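> Here are the chains, one letter per residue:
Number of protein chains: 2
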Amino acid sequence: MPALRSWFTIPRGSHFSLANIPFGIVSTATSNSPRVAVAIGDHALDLEAFAANNGFSALSAIQPHQAVFSEPSLNSFAALGRPMHAVVRKYIQSVFAEDTPYPDVLKNNAALQKQALFPLKDVQKHLPFKIGDYTDFFVGMNHAYNCGVMFRGAANALNPNYKYLPVGYHGRASSIVPSGTPIRRPHGQFLPNPAADEKVPVYAHIKKLDYELELGAFVCKPNKMGEPVPIGQAEDNLFGLVMLNDWSARDVQSWEYVPLGPFNAKNFGSSISTWVVLMDALEPFKVKGIENDKEVLPYLKEKDDKTVYDIQLKVDLKTNSGSTTTVANSNGRHLLWSFPQCLAHHTSTGCNLQTGDLLGSGTISGTAAGEYGCLLEGTEGGKKPFKVGDEERTFLQDGDEVTFTGVCGTDEEALVGFGQVTGRIEPALNLGY
Amino acid sequence: MPALRSWFTIPRGSHFSLANIPFGIVSTATSNSPRVAVAIGDHALDLEAFAANNGFSALSAIQPHQAVFSEPSLNSFAALGRPMHAVVRKYIQSVFAEDTPYPDVLKNNAALQKQALFPLKDVQKHLPFKIGDYTDFFVGMNHAYNCGVMFRGAANALNPNYKYLPVGYHGRASSIVPSGTPIRRPHGQFLPNPAADEKVPVYAHIKKLDYELELGAFVCKPNKMGEPVPIGQAEDNLFGLVMLNDWSARDVQSWEYVPLGPFNAKNFGSSISTWVVLMDALEPFKVKGIENDKEVLPYLKEKDDKTVYDIQLKVDLKTNSGSTTTVANSNGRHLLWSFPQCLAHHTSTGCNLQTGDLLGSGTISGTAAGEYGCLLEGTEGGKKPFKVGDEERTFLQDGDEVTFTGVCGTDEEALVGFGQVTGRIEPALNLGY
Ligand SMILES: [Ca+2]
Ligand SMILES: [Ca+2]
Ligand SMILES: [Mg+2]
Ligand SMILES: [Mg+2]
Ligand code: NI
Chain A
746 MPALRSWFTI
756 PRGSHFSLAN
766 IPFGIVSTAT
776 SNSPRVAVAI
786 GDHALDLEAF
796 AANNGFSALS
806 AIQPHQAVFS
816 EPSLNSFAAL
826 GRPMHAVVRK
836 YIQSVFAEDT
846 PYPDVLKNNA
856 ALQKQALFPL
866 KDVQKHLPFK
876 IGDYTDFFVG
886 MNHAYNCGVM
896 FRGAANALNP
906 NYKYLPVGYH
916 GRASSIVPSG
926 TPIRRPHGQF
936 LPNPAADEKV
946 PVYAHIKKLD
956 YELELGAFVC
966 KPNKMGEPVP
976 IGQAEDNLFG
986 LVMLNDWSAR
996 DVQSWEYVPL
1006 GPFNAKNFGS
1016 SISTWVVLMD
1026 ALEPFKVKGI
1036 ENDKEVLPYL
1046 KEKDDKTVYD
1056 IQLKVDLKTN
1066 SGSTTTVANS
1076 NGRHLLWSFP
1086 QCLAHHTSTG
1096 CNLQTGDLLG
1106 SGTISGTAAG
1116 EYGCLLEGTE
1126 GGKKPFKVGD
1136 EERTFLQDGD
1146 EVTFTGVCGT
1156 DEEALVGFGQ
1166 VTGRIEPALN
1176 LGY
Chain B
746 MPALRSWFTI
756 PRGSHFSLAN
766 IPFGIVSTAT
776 SNSPRVAVAI
786 GDHALDLEAF
796 AANNGFSALS
806 AIQPHQAVFS
816 EPSLNSFAAL
826 GRPMHAVVRK
836 YIQSVFAEDT
846 PYPDVLKNNA
856 ALQKQALFPL
866 KDVQKHLPFK
876 IGDYTDFFVG
886 MNHAYNCGVM
896 FRGAANALNP
906 NYKYLPVGYH
916 GRASSIVPSG
926 TPIRRPHGQF
936 LPNPAADEKV
946 PVYAHIKKLD
956 YELELGAFVC
966 KPNKMGEPVP
976 IGQAEDNLFG
986 LVMLNDWSAR
996 DVQSWEYVPL
1006 GPFNAKNFGS
1016 SISTWVVLMD
1026 ALEPFKVKGI
1036 ENDKEVLPYL
1046 KEKDDKTVYD
1056 IQLKVDLKTN
1066 SGSTTTVANS
1076 NGRHLLWSFP
1086 QCLAHHTSTG
1096 CNLQTGDLLG
1106 SGTISGTAAG
1116 EYGCLLEGTE
1126 GGKKPFKVGD
1136 EERTFLQDGD
1146 EVTFTGVCGT
1156 DEEALVGFGQ
1166 VTGRIEPALN
1176 LGY
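One line per chain: the protein sequences are A and B, in this order.
Counting in our numbering, the final residue of the first sequence is number 1178, and the numbers go up one at a time with none missing.
Counting in our numbering, the final residue of the second sequence is number 1178, and the numbers go up one at a time with none missing.
In short, the hints are calculated from the structure, not lab data.
These numbers were taken from a predicted model, which means no experiment stands behind them.
Fair warning: there could be bad hints in the mix.
If several chains are the same, the list does not tell them apart, and a pair holds so long as it fits within one copy or across any two.
As the list claims (entries may be wrong) - Below, a list of computed lysine to aspartate or glutamate pairs in the EDC-like style, where the Cα atoms sit at most 20 Å apart:
id	residue 1	residue 2
1	K966	E843
2	K1039	D942
3	K1046	D981
4	K908	E943
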């Protein structure tokens, strides 16, 4: 398929080509009230201003609902459902198309261009959704296997349930922050010497601060409590994807997590990219995930065999001294279970998901060196340091900035990308302990 | 302290004596919009109507904030802080006191009595808070020990971290429902034969449906992300307590919970009592919890040694045929860690709690037979059935109704009670699997 051409200047290599049209929440110097926008090239199109100035004059379906674009989250727009997301995206693509059938809407409307198009560097991006509940899965099988080998040896690396259900746990919604938010090194309770026979913990600032390279999926369509979502309908309950950095305190995690799972090790902050890429935009990049050699139960069995996405993922680490090193390359295909399977399983007991809920994939690692989605794997639990510029790292140091980049496609004029999610580590507070 | 006497008829033995004044959210036949009320005897005092008719004329502190009583949740009232909760409670006590200094407010105001006082049986009670995040702890040590013995033997019953930190995990907020909401028996993935060598699960309606007798604490004061709450301030961040039934699917739980903790086994529904008892009302019933024989770290060390509450807890099971059996008596004192300790630990990594967040205690069991807070313990994992009327039970059957009752004190004219939290099991849906 040839790239869609636009009358509007979209830089080559932009993640936000006409093929994408991701949604987000922005504010600007002209108005500090957060509202809905789409990213296009290196600009944001303010949909509140666009709607208020007859931008949607040729799309009657959205007209009764235009107030959703003035809201400070995508929840109301998302709740309109996937068919509506699809027509709005297609309409915006057609408005920007070189041969747009609606030239008066924006192409020939310099006043509205000035009012509604803002350079991305000048807009503030906010959390795209009001997130009720956040669930983190663990379906990056290579990561699960590598961690399992470290903790239990190769023979028992994956637990017996791993290939029968998408393993997941409830996470902390309140501490999910948008890309760019600094992350303070937490204090926590951990064993200063885990190998010692006597297990006596301390409370101190943590030493083993890690990132986790993940994807996140936002729910658009709620299901009623008590009513599981059939696997065939699950994808339609999803709005779109973001990149997710599930910051992790490994020293806290290893001390606390038996028997009820990770808690404080994960709840001090999780960062997400701010532009949500719609399920429809990702459709052309569907690929097979990791092969499951067990018999999948009917409530999790998908008709299509391409259910995850070929998203090229990259982790960069920039140190305080300014040198940047790419520490990992991975790909969204390295998942055993798809997001629709995660959603179907999550609701399999009747658990009600709501618009704006976030599902995390779990850490996404490849199989080779240089493809690890977290430092725990890459350094074998801190035993093997690696080089960043002329410094060494096992876990993150204060001042380190971690940036994930994610993009689909290779045609520089038709990329469907996520932009970046970034966060810089601030020194721990002095708590006087 | 002699009981406060009222000009208003408060039945002997009422949980909602003048010493209590719990807060909740109600609607009535006269107005179906949910709003704030307090329970007093067998009536609810509608605080929206009370405020609108100069009920608070002698309490200037609340006057700028009276709009909070028209909201459909307690979040805004709770956010005003504990000193405000205290003066509002004291003022309402004084308005109802036999020798009230404000007789014209309500005692001599038949019109307002008619407008604002509703028999409890005629009001609909709603979820008291909009709950952002829910965390369930595991600090009922007798329960943790009994379960540990079952799964790992007596020598390893408690994990090494158990006495150093309040073990907890993130729960599911969306499926928390008010007392009286029916609970549908869920389907779930589990092993039909856990003892078999080959671990091949099924997806079917679950067999081992259980309740968990817990207390829940609502957060009133938020803390900023990155800033732990010092233990000395933690109690002031709490609004009050409810009873919590953390319904559990034991067959799902045992199959899914390693390594990331309980997930679908717990997310299909949790029931809470609808009247929130303020921290101030509970103050006279403070007692020592379970003695901790380990050295508690400074960030968790409390000045006072009385930090939990003498709350008499009871579990009743009513079968479909109508016979009711008391299956357990327990007490709120059987906790190793207090709610302020749970809150301090939760925020110890800088995790931000928000107004309306709910903390569960974990199952509260005593040490003797007849004091088990869940059926898993009482029946030793289903091996020892017990009698209810002329039927037998191991786990819950369809049509069973579980009711928790909780009350502080013995003076029948000054009880501080929680009322009840109840839920009846509906048959599973036919999903066609
Ligand atoms: Ca994770
Ligand atoms: Ca529980
Ligand atoms: Mg996190
Ligand atoms: Mg529950
Ligand atoms: Ni069935």
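> Which numbered conditions among the earlier hints are violated in the structure presented, ordered from lowest to highest?
1
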